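Chain residues, written in single-letter form:
Protein chains: 2
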Amino acid sequence: MASILRCSPKLRTVARVPAARALSTTARLQAAEKPFFPNEPAAPSLKTAIPGPKNKAAAAELDEVFDVRSLNMLTDYQQSIGNYIADLDGNKLLDVYAQIASIPVGYNNPHLKQVAQSDEMITSLINRPALGNFPSADWSQILRTGILKAAPKGLNQVFTAMAGSDANETAYKAAFMYYRQLQRGGPNVEFTEEELLSTMNNQGPGSPQLSILSFKSAFHGRLFGSLSTTRSKAIHKLDIPAFDWPQATFPTLKYPLEEHVQENAAEEKRCLEEVERLIKEYHNPVAAVMVEPIQSEGGDNHASPAFFQGLRDITKRTNVLFIVDEVQTGKAQTAGYYFGNPALRPNKPYRQFNTWMGDPSRALIFRGIIEEVERLGLVENTRVTGDYLYAGLDRLAQKYPAHFQNLRGKGQGTFIAWDTPKRDEFLAKAKTVGINIGGSGAQAIRLRPMLVFQQHHADILLESIEKIIKLL
Amino acid sequence: MASILRCSPKLRTVARVPAARALSTTARLQAAEKPFFPNEPAAPSLKTAIPGPKNKAAAAELDEVFDVRSLNMLTDYQQSIGNYIADLDGNKLLDVYAQIASIPVGYNNPHLKQVAQSDEMITSLINRPALGNFPSADWSQILRTGILKAAPKGLNQVFTAMAGSDANETAYKAAFMYYRQLQRGGPNVEFTEEELLSTMNNQGPGSPQLSILSFKSAFHGRLFGSLSTTRSKAIHKLDIPAFDWPQATFPTLKYPLEEHVQENAAEEKRCLEEVERLIKEYHNPVAAVMVEPIQSEGGDNHASPAFFQGLRDITKRTNVLFIVDEVQTGKAQTAGYYFGNPALRPNKPYRQFNTWMGDPSRALIFRGIIEEVERLGLVENTRVTGDYLYAGLDRLAQKYPAHFQNLRGKGQGTFIAWDTPKRDEFLAKAKTVGINIGGSGAQAIRLRPMLVFQQHHADILLESIEKIIKLL
Chain A
1 MASILRCSPK LRTVARVPAA RALSTTARLQ AAEKPFFPNE PAAPSLKTAI PGPKNKAAAA
61 ELDEVFDVRS LNMLTDYQQS IGNYIADLDG NKLLDVYAQI ASIPVGYNNP HLKQVAQSDE
121 MITSLINRPA LGNFPSADWS QILRTGILKA APKGLNQVFT AMAGSDANET AYKAAFMYYR
181 QLQRGGPNVE FTEEELLSTM NNQGPGSPQL SILSFKSAFH GRLFGSLSTT RSKAIHKLDI
241 PAFDWPQATF PTLKYPLEEH VQENAAEEKR CLEEVERLIK EYHNPVAAVM VEPIQSEGGD
301 NHASPAFFQG LRDITKRTNV LFIVDEVQTG KAQTAGYYFG NPALRPNKPY RQFNTWMGDP
361 SRALIFRGII EEVERLGLVE NTRVTGDYLY AGLDRLAQKY PAHFQNLRGK GQGTFIAWDT
421 PKRDEFLAKA KTVGINIGGS GAQAIRLRPM LVFQQHHADI LLESIEKIIK LL
Chain B
1 MASILRCSPK LRTVARVPAA RALSTTARLQ AAEKPFFPNE PAAPSLKTAI PGPKNKAAAA
61 ELDEVFDVRS LNMLTDYQQS IGNYIADLDG NKLLDVYAQI ASIPVGYNNP HLKQVAQSDE
121 MITSLINRPA LGNFPSADWS QILRTGILKA APKGLNQVFT AMAGSDANET AYKAAFMYYR
181 QLQRGGPNVE FTEEELLSTM NNQGPGSPQL SILSFKSAFH GRLFGSLSTT RSKAIHKLDI
241 PAFDWPQATF PTLKYPLEEH VQENAAEEKR CLEEVERLIK EYHNPVAAVM VEPIQSEGGD
301 NHASPAFFQG LRDITKRTNV LFIVDEVQTG KAQTAGYYFG NPALRPNKPY RQFNTWMGDP
361 SRALIFRGII EEVERLGLVE NTRVTGDYLY AGLDRLAQKY PAHFQNLRGK GQGTFIAWDT
421 PKRDEFLAKA KTVGINIGGS GAQAIRLRPM LVFQQHHADI LLESIEKIIK LL
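Line order of the protein sequences matches chains A and B.
The opening residue of the first sequence carries number 1 in this note's numbering; numbering runs sequentially from there.
The opening residue of the second sequence carries number 1 in this note's numbering; numbering runs sequentially from there.
Don't read these hints as lab results, they were simulated from the structure.
The model shown is predicted, which means the values in this text are computed figures rather than measured ones.
Every residue, glycine too, gets a C-beta built ideally from N, C-alpha and C.
Only pairs whose alpha carbons sit at most 25 Å apart, straight line, appear in this in silico DSS-like list of lysine-lysine:
(1) B/348 - A/56
(2) B/348 - A/216
(3) A/429 - B/348
(4) B/467 - B/429
(5) A/348 - B/216
Reference excerpt, derived from the structure (chain B facing chain A, CB under 7 Å, subset only):
(6) 65
(7) 74
(8) 112
(9) 126
(10) 162
(11) 206
(12) 207
Work out the full structure, taking the sequences as your base and the hints as a guide.
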């Protein structure tokens, strides 16, 4: 039974990952002591105010041709290393935002550099294939030794894409085709003449008014289908036509979790009931439920394993697909794809197709990242460092309760967040103490260090957070 | 006044390109005589039937994890060179399909190889930036010396994307935001509370029921917004929800053009009137008209310059945007983007934004392609070779009238097509004489050679087409 899809431009290695690797003593020691990047700076260093004069001049030049109003800082990638991001003015900041949680194994990682210089990389860059028609002879091996190593059990099919948004949308398309196939009575039932004609006019029954159910505060991308399931901020959606698709409430948990067990369970139950009701009653029938393991853009909202199991049970009962968007929790492999099982292949070729269908050069980088995660024991490193970091933040939260609400992400590696009343001021001040850090939703600070973030980085971060608080 | 957008993952260098470079005598000679790739095979060579035994075995292995029902041939890119594509069994075919018209300067182009080995390429591959927040310090220079060299006059803003579909969709989003801004009374009018709230529910007025007008047989991509404007084949659209957007008739011209001047003008006038009527009357107001210079997937359908000027006049009169999808006519730069002018920047930041916003490594390849097009005089080469090829096809059409209807693309470089009754059989037989060639729409053969296709390749192609016809 085809019922779970996983979408990600990245690999789930941190959050809610079943223990993928055995505990490694080496990794523990490494996490505590030996730096992964021996030539990283010992600490952030600031040469100018940020943005400095060179940064300002370059931004003005770029602005003539490219919208820079969202600019954080113009980056000198050659000078960036490991966990440190460098700008044009020689400032080096500890980076716990990591390109909006999209790169995992450190700036200028030496192993990735080898991958980038390999013959297969050069070939893939200069002979870009139309993967559905003319895949390279080694495409199967690239997938098997790379992306598919991150595939959950039973999901042995991969549909490669370019980024998170289109990976999500191809999964939605798979869900719609699967839903209609069930309605029709199987893969061998031919399309009717009416379907064939009506779809050319964007009308039913060929273009049916089906829907994807997503959650309030969800973020799944900004193309037309994915944006119709994104519910994080109005500014993402204003003026763009959207499909009439339903949204359910994502649980709002109270923290600390151990003090609110009953209330939180009741909240999750209420949300699950709403999901089931919407699936049964929404006027545009629901083909799939789409959910993030942690709502990563809309405020770092967590729910319990029981909630996700409940969702899975509902989708099984109601016979709709369950899609997990691991774009941000997965922590970044610089490629897009979804996993499925053979039943999710459409009944005919060319139904799920496009010219490029992804990019082999990004699949090669993906493989290099997996190799690095395994070689350095980075899942275990992130678990150990995350626990250490969380404990430090918990101490700060006790000391500065006015600046820390709803500290969350315990046991989730370094995927940690908290709410704070002066959030935007906090983010701006962070640069003055050499920290590059991001927000989530309206009031959360989100930590998204790379997987090579170690205890000595956590120490710097904790000290810096205290400094920032004192500046507020 | 912001009123034209151009979308392309590629560069318009062939079809309907205003003479971008002065005629070059060198290029003329080169086109006639000196091969761009001295070590290309002299002719196609076949070692086995296609698919051969190695190809079949590898396809079976790939099929376990990746849908291969659309497979044309598993490709040995290391052995492919210039205009010749190699498969696993040692077969080398003259390639006039070029990865669905998506690569332009030959397999294993030595200049692109240098680009792929450059330090900036390596940096961009291993330190993938979130371009809206953390562009590299040299991003402005990469754009100015690369993608922007292909920008039409007055369109000095670029929004980078990943491929054609998402480039088109970001242009649609720009059009919707622009349309609503005009309605609102300018960029400084704030959103209303009702807009902010309703858009979170995917409802108007925040998520308005506006539309993009496209043409019958158009192809603009396969994500949800782009697919709503794609009207080429039912198999692309079946079971996928679509927006209620209007379609106008694209002219059906009669060939040879010079014998049907009056009828064709009347046909184009009829289509233009339909466009204007739909813009004025369609129940979901039209924010933009989307059109391909040549309908490249839906049958290689051409229209006259007067038709396009007429469209432009209508969009000016009715104050809607005019978007030109040059994804396939542009001939392939392996990146996605749209061009606009400053008025098309949304009134606030983060309205047109995503994590990656394109890929600098692909922008570097784009620049390498532009350099190669200039260095080798490939626009001129393609014009000269195209005229030569068209004349040869015209001779074949006279000789074999039953196999050639509506030969089209005269004066359009090598972007040539014709209709033929046994089209699919023709495509299959082509491989047996060493030619890799594609179809368009239901009955057309489409030629999409690369820009390095020369007269000696045209000679081989013409001979081969005659051989294929004799096999039918």
